[in-house]
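*Asks:* In case you want the letters, here they are:
Protein chains: 2
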Amino acid sequence: MDVPQYIEANRERFFADLKEWLAIPSISGDPAHHGDVRRSAEWFAAHLRDIGFPTVEVWETAGLPAVFAEWPAADPAAPSVVVYGHHDVQPVEPLGEWETDPFTPLEKGDRLIGRGTSDDKGQVFFHTLGVQANMAASGAPAPPVTVKLLVEGEEESGSLHFPELLRTHRDRLACDAIVISDTSMWSEDVPSMCTGMRGLTEAEVSLYGPESDLHSGSFGGAVPNPLHAMAALLAALHDADGRVTLPGFYDDVLPLTGEERELFARLPFDEAEWLRTAGGSRAPYGEKGFTTLERVWARPTAEINGMWGGHTGPGGKTIVPREAHAKISFRLVAGQDPAKVQESFRTWVQRNTPPGIRADIVTGGAVRACFSPIGSASVQAAKRAMEKAFGQEVLFTREGGSGPEADLADILEAPLVFVGLGLDSDRIHAPNEKAEMPLLLKGAEAAAYLWDEFATALRTA
Amino acid sequence: MDVPQYIEANRERFFADLKEWLAIPSISGDPAHHGDVRRSAEWFAAHLRDIGFPTVEVWETAGLPAVFAEWPAADPAAPSVVVYGHHDVQPVEPLGEWETDPFTPLEKGDRLIGRGTSDDKGQVFFHTLGVQANMAASGAPAPPVTVKLLVEGEEESGSLHFPELLRTHRDRLACDAIVISDTSMWSEDVPSMCTGMRGLTEAEVSLYGPESDLHSGSFGGAVPNPLHAMAALLAALHDADGRVTLPGFYDDVLPLTGEERELFARLPFDEAEWLRTAGGSRAPYGEKGFTTLERVWARPTAEINGMWGGHTGPGGKTIVPREAHAKISFRLVAGQDPAKVQESFRTWVQRNTPPGIRADIVTGGAVRACFSPIGSASVQAAKRAMEKAFGQEVLFTREGGSGPEADLADILEAPLVFVGLGLDSDRIHAPNEKAEMPLLLKGAEAAAYLWDEFATALRTA
Numbered sequence: 001m002d003v004p005q006y007i008e009a010n011r012e013r014f015f016a017d018l019k020e021w022l023a024i025p026s027i028s029g030d031p032a033h034h035g036d037v038r039r040s041a042e043w044f045a046a047h048l049r050d051i052g053f054p055t056v057e058v059w060e061t062a063g064l065p066a067v068f069a070e071w072p073a074a075d076p077a078a079p080s081v082v083v084y085g086h087h088d089v090q091p092v093e094p095l096g097e098w099e100t101d102p103f104t105p106l107e108k109g110d111r112l113i114g115r116g117t118s119d120d121k122g123q124v125f126f127h128t129l130g131v132q133a134n135m136a137a138s139g140a141p142a143p144p145v146t147v148k149l150l151v152e153g154e155e156e157s158g159s160l161h162f163p164e165l166l167r168t169h170r171d172r173l174a175c176d177a178i179v180i181s182d183t184s185m186w187s188e189d190v191p192s193m194c195t196g197m198r199g200l201t202e203a204e205v206s207l208y209g210p211e212s213d214l215h216s217g218s219f220g221g222a223v224p225n226p227l228h229a230m231a232a233l234l235a236a237l238h239d240a241d242g243r244v245t246l247p248g249f250y251d252d253v254l255p256l257t258g259e260e261r262e263l264f265a266r267l268p269f270d271e272a273e274w275l276r277t278a279g280g281s282r283a284p285y286g287e288k289g290f291t292t293l294e295r296v297w298a299r300p301t302a303e304i305n306g307m308w309g310g311h312t313g314p315g316g317k318t319i320v321p322r323e324a325h326a327k328i329s330f331r332l333v334a335g336q337d338p339a340k341v342q343e344s345f346r347t348w349v350q351r352n353t354p355p356g357i358r359a360d361i362v363t364g365g366a367v368r369a370c371f372s373p374i375g376s377a378s379v380q381a382a383k384r385a386m387e388k389a390f391g392q393e394v395l396f397t398r399e400g401g402s403g404p405e406a407d408l409a410d411i412l413e414a415p416l417v418f419v420g421l422g423l424d425s426d427r428i429h430a431p432n433e434k435a436e437m438p439l440l441l442k443g444a445e446a447a448a449y450l451w452d453e454f455a456t457a458l459r460t461a
Numbered sequence: 001m002d003v004p005q006y007i008e009a010n011r012e013r014f015f016a017d018l019k020e021w022l023a024i025p026s027i028s029g030d031p032a033h034h035g036d037v038r039r040s041a042e043w044f045a046a047h048l049r050d051i052g053f054p055t056v057e058v059w060e061t062a063g064l065p066a067v068f069a070e071w072p073a074a075d076p077a078a079p080s081v082v083v084y085g086h087h088d089v090q091p092v093e094p095l096g097e098w099e100t101d102p103f104t105p106l107e108k109g110d111r112l113i114g115r116g117t118s119d120d121k122g123q124v125f126f127h128t129l130g131v132q133a134n135m136a137a138s139g140a141p142a143p144p145v146t147v148k149l150l151v152e153g154e155e156e157s158g159s160l161h162f163p164e165l166l167r168t169h170r171d172r173l174a175c176d177a178i179v180i181s182d183t184s185m186w187s188e189d190v191p192s193m194c195t196g197m198r199g200l201t202e203a204e205v206s207l208y209g210p211e212s213d214l215h216s217g218s219f220g221g222a223v224p225n226p227l228h229a230m231a232a233l234l235a236a237l238h239d240a241d242g243r244v245t246l247p248g249f250y251d252d253v254l255p256l257t258g259e260e261r262e263l264f265a266r267l268p269f270d271e272a273e274w275l276r277t278a279g280g281s282r283a284p285y286g287e288k289g290f291t292t293l294e295r296v297w298a299r300p301t302a303e304i305n306g307m308w309g310g311h312t313g314p315g316g317k318t319i320v321p322r323e324a325h326a327k328i329s330f331r332l333v334a335g336q337d338p339a340k341v342q343e344s345f346r347t348w349v350q351r352n353t354p355p356g357i358r359a360d361i362v363t364g365g366a367v368r369a370c371f372s373p374i375g376s377a378s379v380q381a382a383k384r385a386m387e388k389a390f391g392q393e394v395l396f397t398r399e400g401g402s403g404p405e406a407d408l409a410d411i412l413e414a415p416l417v418f419v420g421l422g423l424d425s426d427r428i429h430a431p432n433e434k435a436e437m438p439l440l441l442k443g444a445e446a447a448a449y450l451w452d453e454f455a456t457a458l459r460t461a
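Just so you know, the sequences run in chain order A and B.
Counting with the UniProt record's numbering, you get residues 1 to 461 for the letters of the first sequence.
Counting with the UniProt record's numbering, you get residues 1 to 461 for the letters of the second sequence.
I should point out that these hints are in silico values taken from the structure, not numbers from a laboratory.
Careful, some of the hints might be misleading.
Beta-carbon label-pair distances, calculated as ranges [stated by the list, open to error]:
| id | chain 1 | residue 1 | chain 2 | residue 2 | range |
| --- | --- | --- | --- | --- | --- |
| 1 | A | A265 | B | E211 | 25 to 35 Å |
| 2 | A | Q350 | B | G158 | 23 to 33 Å |
| 3 | A | E188 | B | E211 | 21 to 31 Å |
All of these numbers come straight from a predicted model, not from anything done at the bench.
Don't be surprised by glycine CBs; every beta carbon is placed ideally from N, CA and C.
For reference, chain A alone in the conformation it holds in the complex (with noise of 0.2 Å):
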């Protein structure tokens, strides 16, 4: 039986198990909820213990648990896989916009609506079915490398706890590649995994002036006014091409290889309607000499997240006001170091604010970015198990935001390997979330081959 036949006959079980598991609220986010995301945990481990996974434990944190599974290859050299997901889900409201209640899960056409099908709970499911399907078509007992599940319960609450997760279970969790099962493929048509998402760090700058407001016609003019710091010191981060302004922001700035913008520029992009979806933008902007998406994959931004200061109600009021406030928050790409960032950027604050204003800089949250470089072993051997469960090329994507994948990275000290089937019309985290069934049963397929790929490409690297 190879791999295929092992789906097909198995999809009907697949789906019913987990449409058990999506009945569960898993909400982390509801704190009525969290007794849902427990039992969510505990429904998975005991399918997990069911399907034959020899080491099935519910990992506490100080907030909700995960899950940790391990299946280990029968050969004790073979390589090691931890697989990425979460168990835990968005809230649902508003509720009047489903069209089923979203935790009884709904099948129409091709579609399974519900909340979770697709972020993350059909995801991760997959796994269970592909690693079924890679031992029935080798007949082994064991699969050709040791993989282990790691599926969280709060990645819809700010991962919280995970890096402390990460820390304490580092040895258990030690591998070779980390495959991340919660992302996005270009489109239906156009299969293609992620290989990078932009990091972030914040940052909050105060403005001083006057002790308190003064009366614009007794002192304007002649006394600095904070506001017009502010907007000095903002409109000078960028240059006229768009670039960010700080002193060495791109030195570590890991370039877009030809291959990369070369692959890139094949997805079938289509700029008019990406503006819609950027909520009706009348036109693009950016760093010049990049496309939109190099722009929001692959370059590092200065973004004001917001600003305010002075008389901000109704009316009139002609004061020169006291302070001025604004955050401003850097997606960074491969290479760059937040805290390098940080640095810089309050040393460039702090020389850019005029005489008569005192500045307060106060950052926070570091976020690096994660890489997956295209040429590199696992990407190629994820590429090639996508492939061969598409039958068509696979292309390559980034993401623009981040979530705890950076951690995952840093503190297991291994490569990502992205292999996500969602898409980005599966309404995850509104209502009427829905999974494309076909593409889970898709997603089941090349996990099954990305364990044989592994086997041989992680070993020789």
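With chain A fixed as given, assemble chain B onto it according to the hints.
*Replies:* Showing chain B alone in chain A's frame:
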């Protein structure tokens, strides 16, 4: 009996009467005191009748009443002068900080402490003694010019109905000059006259980008950010020399004359002390090539009064915000047309709004600057009167802000002359407002001389 003798002989009666008027809590900003504002108008009208004004009327408005009184010159060809002041006062909170009940005036050495002593009942009242002293000294039954008092009741509430009042009674207020007694001198030792007040116009700018806040990971760096656009726009409103960059902004500005600059420079100005009064501002700032006094008195400005957009609450929120807002006001000087500045600003904002951002501009408020050239007949006449009263040279100042004075000049089409004897240390609008009693008597003396000076100067002018 000469003017000083008359004033000396009548000082006790003068202060006793003034205290009666000060005891009426005519707070126009507090509806609970609107009856008191009316009572104040009626008390003052009765007093003017008592001292012999042939015509005294309480003029109603859609708000609170003003008092009008006229003492015609014997010669029908004599000039007419309007004297402007106000009989309403500021609120008195915080009451606990007063040395006396604000409406039970307290004499303490040379000081008279109480709400309205300086702003503005005390200054209005010295004109009653002044006109009596003038006639006592001349022995004539009428002043040498037609004196028209116009004392409004809503100045501390924005003079909302004052322009309408002026237009209604325009013919009866016809005059050759308008004396304003509601300003301050440089100091007790440095008598001075104000010769101008800056005008004002205001605008609110809103910049719109995407229809909703966007995730800065998914979209940041590839769509325009309205807060960036606002920072760039407002930073560009001034050049490196602190000059406003609106095209044509300075075209109509009446330049300071060499004489004015020289006279301003003779004022004993202590910049460190001024910075302390400017809310402890740490450094002066402003248009290159001008002193601090020139900047606040005689140069136009653009000031950001408020700015806001995006996430302004605690913590971070990594968004590209949908919109940004700012409130801007322009202080204007002699020669500038508020409507022209508004129009220039609208055009400039639209031209400097980047692609993909939509700008909305709402302009409002249009107060022309007032200005009386030092060399004009009315200013020189008033200067002679002041110098005779003080026995020393009188210097010139301006004020950075504006009240209803521009409306007086515009609607009555007559030059303004500022004969104000307040001090910056009078704590107007604050607890323990006071007037220096010797200065109120000097005001009466200057007012007495003023009518003789005007009789000559304005007739020959």
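*Asks:* Which of the listed hints are broken here?
*Replies:* As far as the earlier hints go, only 2 is violated by this structure.
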